[in-house]
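Residues 6 to 608 (my numbering) are what the sequence shown spells out, left to right.
By construction, these hints were calculated from the structure, which means they are not laboratory data. A hint or two may mislead.
Simulated pairs of lysine-lysine, DSS-like, Cα-Cα distance not exceeding 25 Å [said to hold, decoys possible]:
{"id": "1", "residue 1": "Lys100", "residue 2": "Lys78"}
{"id": "2", "residue 1": "Lys311", "residue 2": "Lys365"}
{"id": "3", "residue 1": "Lys512", "residue 2": "Lys473"}
{"id": "4", "residue 1": "Lys249", "residue 2": "Lys262"}
{"id": "5", "residue 1": "Lys221", "residue 2": "Lys249"}
{"id": "6", "residue 1": "Lys196", "residue 2": "Lys262"}
{"id": "7", "residue 1": "Lys395", "residue 2": "Lys382"}
{"id": "8", "residue 1": "Lys225", "residue 2": "Lys196"}
{"id": "9", "residue 1": "Lys473", "residue 2": "Lys395"}
{"id": "10", "residue 1": "Lys195", "residue 2": "Lys72"}
{"id": "11", "residue 1": "Lys249", "residue 2": "Lys196"}
{"id": "12", "residue 1": "Lys473", "residue 2": "Lys508"}
{"id": "13", "residue 1": "Lys55", "residue 2": "Lys100"}
{"id": "14", "residue 1": "Lys311", "residue 2": "Lys249"}
{"id": "15", "residue 1": "Lys311", "residue 2": "Lys324"}
{"id": "16", "residue 1": "Lys100", "residue 2": "Lys48"}
{"id": "17", "residue 1": "Lys100", "residue 2": "Lys28"}
{"id": "18", "residue 1": "Lys78", "residue 2": "Lys28"}
{"id": "19", "residue 1": "Lys311", "residue 2": "Lys262"}
{"id": "20", "residue 1": "Lys395", "residue 2": "Lys365"}
{"id": "21", "residue 1": "Lys55", "residue 2": "Lys78"}
{"id": "22", "residue 1": "Lys311", "residue 2": "Lys395"}
{"id": "23", "residue 1": "Lys324", "residue 2": "Lys262"}
{"id": "24", "residue 1": "Lys81", "residue 2": "Lys100"}
{"id": "25", "residue 1": "Lys262", "residue 2": "Lys195"}
{"id": "26", "residue 1": "Lys195", "residue 2": "Lys225"}
{"id": "27", "residue 1": "Lys72", "residue 2": "Lys55"}
{"id": "28", "residue 1": "Lys48", "residue 2": "Lys81"}
{"id": "29", "residue 1": "Lys311", "residue 2": "Lys290"}
{"id": "30", "residue 1": "Lys72", "residue 2": "Lys48"}
{"id": "31", "residue 1": "Lys382", "residue 2": "Lys311"}
{"id": "32", "residue 1": "Lys504", "residue 2": "Lys473"}
{"id": "33", "residue 1": "Lys48", "residue 2": "Lys78"}
{"id": "34", "residue 1": "Lys324", "residue 2": "Lys249"}
{"id": "35", "residue 1": "Lys55", "residue 2": "Lys28"}
Computed from a predicted model, the values in this text were never measured in an experiment.
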Amino acid sequence: MSSAIAEAPTMTSEQASRYLRSKTEDIGPLIDFAHGLIDARYKNVYFPRKEEFLMDWWFDRAEIGMKNGDYWKIFKTIWTSLDTDSQRQIYHRHKFLDTIKSTLGWIASEVAANDDPHKEILAILSSVFNAVECVEQANIWLRCTTEVMMSIVIDYLKIVSVIPDAAMESWYRLIFIIYENALYGVSNFKKISQSFSSRGLLASFTVLKAVDSQTKLHEKLSNILRDLVFSPSVIKDNENQPFKNLCDALSQIPGIKQDGVFLGHVLSLGLSKFGKTKQQALMPKMCEEFLNFAPQTAQYILCQAKDHDITISSEMLTKALLMRQPIDWNLATMVLDVDADAVFPLVEGLLDDQLRNSDKSPEIVCFVCHIAEAYTKIRNLPRFINIWRKTLAGGVPETSVLASEELVRAVATQISGNWTIHQLHSIFMEIIPRDEDDLIEGDLLPLIAITIGASLLQDPLPDSLLLKAQRLYSLLDSEPLQGNYLMWRLKYLILSMHKTIVKSVIKSLYTEASDIASAVKSLVNPDKRVKDRRISYFKFQMLFRLAEFRSWTGFSPVAQWLLDIMDRKSYSSWDQDIAHIGKENLSTALAHCIVNRWLVLVE
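Sequences are here, hints too, so could you generate the full structure?
This is the structure in C-alpha cells:
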C-alpha cells in the first residue's frame, strides 16, 4: 500500500489518516508510512498538523505496536518534531506511562518464558527507554498512579533478574524517577507495600544478590526494600507470620541459605527500619526468623544483632548452634560472646561428644579457651574444671584439644589471681588420686598441672595440700607415665610448691641428676622426637630447682653448656611450644626455661 501511495498523484489528509487507522494492515507498513509522512518522503500527501496526528496515532496503536522495535523508534522521531506546548498537551492527553507499563509487562513475560531471550528484546527495551528519556528531557513530570508505578518497577526488576544486561544505569535511573514521582505526597504506604511484598520480592532479591553492592542500583533497590518490605503497617497486619512473604521469596533463590553476606544485608535493612519506629519489638523476632530460615548464616545474623544491640533468646541461640552439624566452632565462640547462658548447658555434652576426639584447629582452640573465660566471668571456673576432669578421666587421644597445651595455658591464665586458696584446695583434693589409688590417669596430668601451677601463686599453702602433692610426686614414677612429658613438668611444679617437698625427695632426685643432665644436652638433637624434646626441657628446669638446695658437681657442666648455647646461638623468637624448639631459638627457649631461676645460674 505504501508503494501505491508513493505513486498516487495526490492524497488528502483524510485518506492518509484512514489508511493509518486501518485494522487490516500490518503494523510494519503503517510505521513505514508514518515515517514517510514525518520526514516528508511522500511529497504527494497533503497533511497539515501531521505531527500531532501521528503522535495521537502512535498512542492509539500501542497495544499492537509495542511489540515492534520500529514502533518505539518512531516515537522519538515524532516526539522531537513537536513543539514544547504540543508535547505537553499530548502527554496529558494520553497515558504514556501506562504504555510503558504494558510494554515492560509483555517483555517480562517474554523473558520469563524464554531461557535465551532474543536480542530483539534488548533492542526493543533500549528503544522503550529512549522514548522515556525523550519525555523526561522535555521537562515533563513522569507521574503516574502508584499501581502503574509498581507494575513498572516490578516488571523491570523481573527483566533484569533474567537479563543482567538490562541493568543499565541510564535505564534504572528512569525507573527510580518514576518510582519517586509516584510516591510524592503519598502518606499511606500500606497498599503499595502489600503489592510489592506479594509481587516483587523474588525479582528484587534476585537482582540485589546479583548486582555489585557498590552500584547505584544496589543502593536504590536496598532503599525500596527498606521502605516497602519492612513497612510497620504491613508487618502489623501479619503478626503471626510477619516475615512469611520475605522468607518465601528468599527460599526460591538457589544457594541463598548459604549466602550469609547477602542475608546479613537484607536483615540489616529491616533492623535499621524497625529501629526508627515503634516496631522495635519486631527486631529480635526478625533475627530469630532468619536464624530459623538459614542457620548456616547464623554468624552474620548474630553480627547484625550485636551491631543493633538486639537480645536474642538463649533458647534460640542454643537452637541455632545445634542446628549446625558438625558444630560450627566460630559460631559457638560468637554465641558465647553474645549470651554464654545459651552455651553453659551444652558444655558437658560438647566436651564429651564433640571435643573428645577433635583436633587442635584454631577455631576449636579458640572456642575452648573462650569457655574457660566465660566460666571465669561468672566466677564458676571450678565447674568447668570439674567437667573437663570427667572428660579426661574417660580417656582422650593425645592429639585432642582437651589435652593440648593451648587449653592448659588458657585455663591457667583464667586461674591466675581468680581463685582463693580454699577453691584451689578443694579442686586439688578432688583431682589428685585418693589414698587407695596407686595410679594416675595420664589424661589428667594437664589438669593437675594447672591446679598446681595456680597453687604456686598462693601463700601459705595448707599442710594437707602439700602432703597430697608429696604423695603425688611419688605416684608420678609409675611405669605408664614414663613416656609422658607432662610427668616431668608436674615433678618440676611440685618441687616448686615448697622446699619441704624438695627435701623429702632430694635423695632420689640427686641419684637421677646425672641422667637428667645427659638428657638436657640432647634438646637440639635433630633425631629427637618431639615428645623426647619436651621431656628434656622439663628435666632441665628440675636441675635448677635441685641446684637451689644442694651443690653437686654435675650441675657445673650443664650451666657451662647453657652459657655456651646462649652465647653462640641467635635469639630467634619462640612461641613457647616445646615442639618448636630448634637450633635457632634454643637460647630463647632455655632463657625462658630458667627465667625464674637465674640467681642459681649466676652463683
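Going down the list of hints, with the structure as the test:
no.: 1; hint: Lys100 - Lys78; in the structure: holds, 18 Å
no.: 2; hint: Lys311 - Lys365; in the structure: violated, 28 Å
no.: 3; hint: Lys512 - Lys473; in the structure: holds, 19 Å
no.: 4; hint: Lys249 - Lys262; in the structure: holds, 15 Å
no.: 5; hint: Lys221 - Lys249; in the structure: violated, 28 Å
no.: 6; hint: Lys196 - Lys262; in the structure: violated, 29 Å
no.: 7; hint: Lys395 - Lys382; in the structure: holds, 22 Å
no.: 8; hint: Lys225 - Lys196; in the structure: holds, 20 Å
no.: 9; hint: Lys473 - Lys395; in the structure: holds, 20 Å
no.: 10; hint: Lys195 - Lys72; in the structure: violated, 34 Å
no.: 11; hint: Lys249 - Lys196; in the structure: holds, 17 Å
no.: 12; hint: Lys473 - Lys508; in the structure: holds, 15 Å
no.: 13; hint: Lys55 - Lys100; in the structure: holds, 20 Å
no.: 14; hint: Lys311 - Lys249; in the structure: holds, 24 Å
no.: 15; hint: Lys311 - Lys324; in the structure: holds, 18 Å
no.: 16; hint: Lys100 - Lys48; in the structure: violated, 32 Å
no.: 17; hint: Lys100 - Lys28; in the structure: holds, 22 Å
no.: 18; hint: Lys78 - Lys28; in the structure: holds, 21 Å
no.: 19; hint: Lys311 - Lys262; in the structure: holds, 20 Å
no.: 20; hint: Lys395 - Lys365; in the structure: holds, 20 Å
no.: 21; hint: Lys55 - Lys78; in the structure: holds, 18 Å
no.: 22; hint: Lys311 - Lys395; in the structure: violated, 34 Å
no.: 23; hint: Lys324 - Lys262; in the structure: holds, 17 Å
no.: 24; hint: Lys81 - Lys100; in the structure: holds, 17 Å
no.: 25; hint: Lys262 - Lys195; in the structure: violated, 29 Å
no.: 26; hint: Lys195 - Lys225; in the structure: holds, 20 Å
no.: 27; hint: Lys72 - Lys55; in the structure: holds, 24 Å
no.: 28; hint: Lys48 - Lys81; in the structure: holds, 22 Å
no.: 29; hint: Lys311 - Lys290; in the structure: holds, 14 Å
no.: 30; hint: Lys72 - Lys48; in the structure: violated, 30 Å
no.: 31; hint: Lys382 - Lys311; in the structure: holds, 19 Å
no.: 32; hint: Lys504 - Lys473; in the structure: holds, 15 Å
no.: 33; hint: Lys48 - Lys78; in the structure: holds, 23 Å
no.: 34; hint: Lys324 - Lys249; in the structure: holds, 20 Å
no.: 35; hint: Lys55 - Lys28; in the structure: holds, 20 Å
Checked against the numbered hints listed earlier, the structure breaks hints 2, 5, 6, 10, 16, 22, 25, 30; every other hint is satisfied.
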